[in-house]
Amino acid sequence: DGGITQSPKYLFRKEGQNVTLSCEQNLNHDAMYWYRQDPGQGLRLIYYSQIVNDFQKGDIAEGYSVSREKKESFPLTVTSAQKNPTAFYLCASRRTSGGSYTDTQYFGPGTRLTVL
Amino acid sequence: RKEVEQDPGPFNVPEGATVAFNCTYSNSASQSFFWYRQDCRKEPKLLMSVYSSGNEDGRFTAQLNRASQYISLLIRDSKLSDSATYLCVVNSGSNTGKLIFGQGTTLQVKP
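Protein chains in written order, with the working numbering: chain X, 1 to 116; chain P, 1001 to 1111.
Wrong hints could be hidden among the right ones.
Taking lysine-lysine and the DSSO-like style, the derived pairs with C-alpha atoms no more than 30 Å apart in a straight line are [stated by the list, open to error]: (1) P:1079 to X:71; (2) P:1002 to P:1098; (3) X:9 to X:71; (4) X:57 to X:70; (5) X:57 to P:1002; (6) X:83 to P:1042; (7) X:57 to P:1042; (8) P:1079 to P:1042; (9) P:1045 to X:9.
FYI, nobody ran anything at the bench for these hints, they're computed from the structure.
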């Protein structure tokens, strides 16, 4: 089955620790995105990547880092510099080639991060 | 002003009711418009794209008014399974594929 996977589903972190959230897709999509969702709020863009080895900051990139070494993978690291990291983190991907242009993004199941 | 604004609700309706959600957006350069559905503690899933001519998918009808920068979603004959949060989404108007999400409108359909 094609899709987007995120792991782990739940993650607990102590203050001062860095953690890395995994996002993998086998949809052959070029573009990938990381969002953060807080209760009662819309999704906010952290980072995005339109092609391998290239990524751009979103609206709330401070305290986060990413890499895009493979088309299938776009891991997100939440660093100790992120002041309020407890949130629901969602990864998405989008097809940008091989046919008509689309803005439609497809989401993975998310990772719930809690800082203890 | 938020880039995408929705009435957060909640909308509490009985089964079989017709319910309408509204959304306004501020960026006149936006070209793509969507409604996503998000169940509690789950990821958003695409419900339907919204086209200028309006479009329908079963019990769901979406409308777009570019002049007023207004998007709507109409759900007819509500089912218990329609209970969810509905997200209004527009693109940023750039070629990056960036999407702007509303905070969502929560629907609770009751027996």
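Going through the hints against the structure:
With a CA separation close to 40 Å, the supplied pair residue 1079 (chain P) and residue 71 (chain X) exceeds the 30 Å bound. Distance restraint check for residue 1002 (chain P) and residue 1098 (chain P): the Cα-Cα separation of roughly 16 Å lies within the 30 Å cut-off, and the hinted pair is therefore satisfied. Taken as a hint, the residue 9 (chain X) and residue 71 (chain X) pair is honoured in the structure, with Cα atoms around 22 Å apart against an allowance of 30 Å. A C-alpha spacing of about 18 Å is found between residue 57 (chain X) and residue 70 (chain X), which places the hinted pair at or below 30 Å, so the restraint holds.
Taken as a hint, the residue 57 (chain X) and residue 1002 (chain P) pair is honoured in the structure, with Cα atoms around 20 Å apart against an allowance of 30 Å. A threshold of 30 Å between alpha carbons decides the hint, and for residue 83 (chain X) with residue 1042 (chain P) the separation of about 24 Å falls inside it, so the pair holds. In summary, the hint linking residue 57 (chain X) to residue 1042 (chain P) is supported, as the alpha carbons are separated by about 25 Å, within the 30 Å threshold. A threshold of 30 Å between alpha carbons decides the hint, and for residue 1079 (chain P) with residue 1042 (chain P) the separation of about 19 Å falls inside it, so the pair holds.
The suggested pairing of residue 1045 (chain P) with residue 9 (chain X) holds, with an alpha-carbon distance near 17 Å, which does not exceed 30 Å.
Hint 1 alone, counting from the list given before, is not met by this structure.
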